[in-house]
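There are 2 protein chains.
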Amino acid sequence: MFDILLSNMDETENPLYLQIYNQFRERILTGDIQSNTRLPSVRALQLQLNISKTPIETAYQMLVAEGFVYSKPQSGFYVINMDEYESRQQNKQPDYFLNTPTPDELSVKKKYIIDFDPSAVDNEFFPIRTWKKMLHHVLENYSNRIGEYGDMKGEHFLRKTIANYLRNSRRVNCSPEQIIIGSGISYSITILTRLIEGIRYVAFEEPGFEPVREQFLQNGYEIIPIEVSNNSFGIKKLEESGAQMIYVTPSHQFPTGRVMPYTEREYLLHWANKHNAYIIEDDYDGEFRYLGKPIPSLQSIDHQGRVIYIGTFSKAFTPALRMNYMVLPMRLLKKLESIHHFLSCPSRVEQWAMHAFIEQGHWYRHIRRMRNKYRKKHFTLMECIQTHFANKVEITGHSAGLHLQITVKTRLHEKELLKLAADKGVRVYDFQKMRINKTQSSYPSIYLGFAGIREADLEKGIQLLKEAWSHSFIE
Amino acid sequence: MFDILLSNMDETENPLYLQIYNQFRERILTGDIQSNTRLPSVRALQLQLNISKTPIETAYQMLVAEGFVYSKPQSGFYVINMDEYESRQQNKQPDYFLNTPTPDELSVKKKYIIDFDPSAVDNEFFPIRTWKKMLHHVLENYSNRIGEYGDMKGEHFLRKTIANYLRNSRRVNCSPEQIIIGSGISYSITILTRLIEGIRYVAFEEPGFEPVREQFLQNGYEIIPIEVSNNSFGIKKLEESGAQMIYVTPSHQFPTGRVMPYTEREYLLHWANKHNAYIIEDDYDGEFRYLGKPIPSLQSIDHQGRVIYIGTFSKAFTPALRMNYMVLPMRLLKKLESIHHFLSCPSRVEQWAMHAFIEQGHWYRHIRRMRNKYRKKHFTLMECIQTHFANKVEITGHSAGLHLQITVKTRLHEKELLKLAADKGVRVYDFQKMRINKTQSSYPSIYLGFAGIREADLEKGIQLLKEAWSHSFIE
Numbered sequence: 021m022f023d024i025l026l027s028n029m030d031e032t033e034n035p036l037y038l039q040i041y042n043q044f045r046e047r048i049l050t051g052d053i054q055s056n057t058r059l060p061s062v063r064a065l066q067l068q069l070n071i072s073k074t075p076i077e078t079a080y081q082m083l084v085a086e087g088f089v090y091s092k093p094q095s096g097f098y099v100i101n102m103d104e105y106e107s108r109q110q111n112k113q114p115d116y117f118l119n120t121p122t123p124d125e126l127s128v129k130k131k132y133i134i135d136f137d138p139s140a141v142d143n144e145f146f147p148i149r150t151w152k153k154m155l156h157h158v159l160e161n162y163s164n165r166i167g168e169y170g171d172m173k174g175e176h177f178l179r180k181t182i183a184n185y186l187r188n189s190r191r192v193n194c195s196p197e198q199i200i201i202g203s204g205i206s207y208s209i210t211i212l213t214r215l216i217e218g219i220r221y222v223a224f225e226e227p228g229f230e231p232v233r234e235q236f237l238q239n240g241y242e243i244i245p246i247e248v249s250n251n252s253f254g255i256k257k258l259e260e261s262g263a264q265m266i267y268v269t270p271s272h273q274f275p276t277g278r279v280m281p282y283t284e285r286e287y288l289l290h291w292a293n294k295h296n297a298y299i300i301e302d303d304y305d306g307e308f309r310y311l312g313k314p315i316p317s318l319q320s321i322d323h324q325g326r327v328i329y330i331g332t333f334s335k336a337f338t339p340a341l342r343m344n345y346m347v348l349p350m351r352l353l354k355k356l357e358s359i360h361h362f363l364s365c366p367s368r369v370e371q372w373a374m375h376a377f378i379e380q381g382h383w384y385r386h387i388r389r390m391r392n393k394y395r396k397k398h399f400t401l402m403e404c405i406q407t408h409f410a411n412k413v414e415i416t417g418h419s420a421g422l423h424l425q426i427t428v429k430t431r432l433h434e435k436e437l438l439k440l441a442a443d444k445g446v447r448v449y450d451f452q453k454m455r456i457n458k459t460q461s462s463y464p465s466i467y468l469g470f471a472g473i474r475e476a477d478l479e480k481g482i483q484l485l486k487e488a489w490s491h492s493f494i495e
Numbered sequence: 021m022f023d024i025l026l027s028n029m030d031e032t033e034n035p036l037y038l039q040i041y042n043q044f045r046e047r048i049l050t051g052d053i054q055s056n057t058r059l060p061s062v063r064a065l066q067l068q069l070n071i072s073k074t075p076i077e078t079a080y081q082m083l084v085a086e087g088f089v090y091s092k093p094q095s096g097f098y099v100i101n102m103d104e105y106e107s108r109q110q111n112k113q114p115d116y117f118l119n120t121p122t123p124d125e126l127s128v129k130k131k132y133i134i135d136f137d138p139s140a141v142d143n144e145f146f147p148i149r150t151w152k153k154m155l156h157h158v159l160e161n162y163s164n165r166i167g168e169y170g171d172m173k174g175e176h177f178l179r180k181t182i183a184n185y186l187r188n189s190r191r192v193n194c195s196p197e198q199i200i201i202g203s204g205i206s207y208s209i210t211i212l213t214r215l216i217e218g219i220r221y222v223a224f225e226e227p228g229f230e231p232v233r234e235q236f237l238q239n240g241y242e243i244i245p246i247e248v249s250n251n252s253f254g255i256k257k258l259e260e261s262g263a264q265m266i267y268v269t270p271s272h273q274f275p276t277g278r279v280m281p282y283t284e285r286e287y288l289l290h291w292a293n294k295h296n297a298y299i300i301e302d303d304y305d306g307e308f309r310y311l312g313k314p315i316p317s318l319q320s321i322d323h324q325g326r327v328i329y330i331g332t333f334s335k336a337f338t339p340a341l342r343m344n345y346m347v348l349p350m351r352l353l354k355k356l357e358s359i360h361h362f363l364s365c366p367s368r369v370e371q372w373a374m375h376a377f378i379e380q381g382h383w384y385r386h387i388r389r390m391r392n393k394y395r396k397k398h399f400t401l402m403e404c405i406q407t408h409f410a411n412k413v414e415i416t417g418h419s420a421g422l423h424l425q426i427t428v429k430t431r432l433h434e435k436e437l438l439k440l441a442a443d444k445g446v447r448v449y450d451f452q453k454m455r456i457n458k459t460q461s462s463y464p465s466i467y468l469g470f471a472g473i474r475e476a477d478l479e480k481g482i483q484l485l486k487e488a489w490s491h492s493f494i495e
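Going down the list, the protein sequences come from chains S and A.
Heads up: the first sequence is residues 21 to 495, going by this note's numbering.
Heads up: the second sequence is residues 21 to 495, going by this note's numbering.
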């Protein structure tokens, strides 16, 4: 006999048929009632429980409908074979996901020997021990705050620390209130598009950082591409464009690697003031500069609150934290309260840890260390390219940042170069995806990120590229 | 004499006037050039540097414009008093932020003795040591992945673990591909509104969870409030509404605490199938149930892919991690790739730690433990209310979750009750904010969260409430 317990306590919430259904279902799932067991007849259960037939019949029909039980005519209700049921459940994976893996899954599947991934950073010198210490410290000391939601704009003391850091290192002028801590540039742009109103045309570097451009496009903005090359920037086009906002990467243009000259910076600010426009300054790798002194941010010379400055911990520290920040001009702060439902800061625990990391001086030490490491990788890569390619490639965009650009003297197209490299197990990156208007310039350009590659592997990567491409060089 | 070094190396990037400006500015800021020092005259510097006057004059004018230097007629340029400058900088806080603090800032400033905050959770029993161990473990073992961006939908193995957990505990049917890990409900709703198209009317529980409602409103949706009380749900209105989506909290309605009966769940699914509509099931505290067995999720009885299930680690674990998840029906997955620029997962390090935490069985132990703790707090609170208020209040919505509702037999309004409570140092919460149509029911209703309050403080809180309100009771 089956031991079914009915409670009348909360019958509206748990009607009898549901109680019966639940208890059978649970016991079938746990194996308590075994496969192919015959369930008690409706009549037998009715007598046992002293209730009407209806709830029992309903429960049995639900079990049948959900595939736990089948009915044999003139015999009764039987539990299905649960082994089969479970394997059926496991096969319920969506087919199209198995068949069309995402780019992410692809990059994992296709193992490159060397991947000049511009988004990767060094993992060898990540300060694991210190970071563990910080986490340890904040979990011990701030645990009394762990039960509460914090400020969705970010923890105030971290915003204060970041404001100080930005003032010292990038000359950014801001108070902690202007800083919104987020989980990456896509979050920052989402918040920003909520704050700015009445803007339709956004000027964008061409080539430029495609993910942000896509976000603007999908938000219904029209993109006005402003051509950027190693020695020019389409100022005239911008002036005539009617754009009310522009997205730029002045410290190290993505992907060309160009550093925006001071006169252009001044011009941009002048343009923004004249048109009441905004400038989004994405300073994604402004910490790293190899030739000359670090150039202060565009924000630092803006006196009219036209620049929205965005920085990240993903390059100088690790992208695995998913932590960045945006500095809003004062005029945009007022609206912030009205959109606070959209705010969603990253982990408070890691914000506390980051605060401690910076306050205790580890951040500055880490940046100095990484600057040296990346400078070494950078010069090693430059040297390898010069040794192996000599005058067959031109290197540009190499005075700062974590990637550089090479223009290859070949009759091949970008796509062909990528394919030949991939055949040798090397992944390099193509400008075309970063352009909204696909064009073909005289020689193809490729860009190489070096931060995520061990120094010893850089030469191997370049050697393989040479093997892949050398037959196509133009004399 | 001032030691100014000029470089001709990259003059386009660093024109002379900027080099001069920067060096003075830096040395003034660091205190290297002291307050009230007279700067060298333009002529003297010109001779020293052997350049034309213009860049020097420009640099000086910039320093004046930025307030580092003042000019005394017929005397020269002087550094300002830097102590004053710094205190001025510190006072540059935006006034309106100081004057109109956010609710967050208020709750910190106004120190309540007891705050029945429904969003707070217990911090006394957070498993600090185990969590530290997990973080330690993953930082040691996964550090080779720390230099890379992960899958913005969330780490695959955590999504697999969550799928298993949801299947076991909430009967949710899903594969890992359907899970999107996020940083909170506002993120999930942002992503969701990108995925669903052609929807204009969203039905919403009234009273309901205001932050989500606000998000829909600000996204341009029209909200159709569906009245919910302790014993009813406006089915008829929903049927006539033309809504194509509904947001519900069936396990424990926010804020009334009602548990949606099974028949209504079936009705909702029926409605969604009939109208090709979606149901957002926000199962924010589904882990905690005190009367009867946990009720399976609405998603578990949906066979047509109509339910979007949203769960969180904020209630059962901690809101400080900012980690939640959304289970999408298969039909919405296809579009996911096209909006991938909007995805931004929470910290990968903490995702790894959460995976380890669940896999090693800590999660289940923690949930069991918290269930007991909260059950105890819950019954203590119930007992205190019954002891002190007897028949002057009615308790509802108390069969599950981390808050309950009391209706007070008084002639006062909600706002007056809140005020009287605050005067005694107790913070309680009002339904009105959760309503889109403000109405006044016969007796005022208040809700009390108990998760974040120590058990010993619950009685004190209720005692103070009685002192605050007892003079207003209706006999």
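To be clear, the hints were calculated from the coordinates, so they are not data collected in a lab.
Incorrect hints may have been included.
Treat identical chains as interchangeable: a pair holds within one or across any two.
Taking lysine to aspartate or glutamate pairs in the EDC-like style, the calculated list, with each CA pair at most 16 Å apart, reads [as the list claims (entries may be wrong)]: (1) Lys453 / Glu436; (2) Lys458 / Glu230; (3) Lys355 / Glu234; (4) Lys458 / Asp477; (5) Lys429 / Glu168; (6) Lys480 / Asp23.
Note that the structure is predicted; figures quoted are calculated from it, not measured.
Structure-based check of all given hints:
no.: 1; hint: Lys453 / Glu436; verdict: within (15 Å within a copy, 61 Å between copies)
no.: 2; hint: Lys458 / Glu230; verdict: within (13 Å within a copy, 46 Å between copies)
no.: 3; hint: Lys355 / Glu234; verdict: between (25 Å within a copy, 15 Å between copies)
no.: 4; hint: Lys458 / Asp477; verdict: neither (32 Å within a copy, 67 Å between copies)
no.: 5; hint: Lys429 / Glu168; verdict: neither (59 Å within a copy, 32 Å between copies)
no.: 6; hint: Lys480 / Asp23; verdict: neither (69 Å within a copy, 44 Å between copies)
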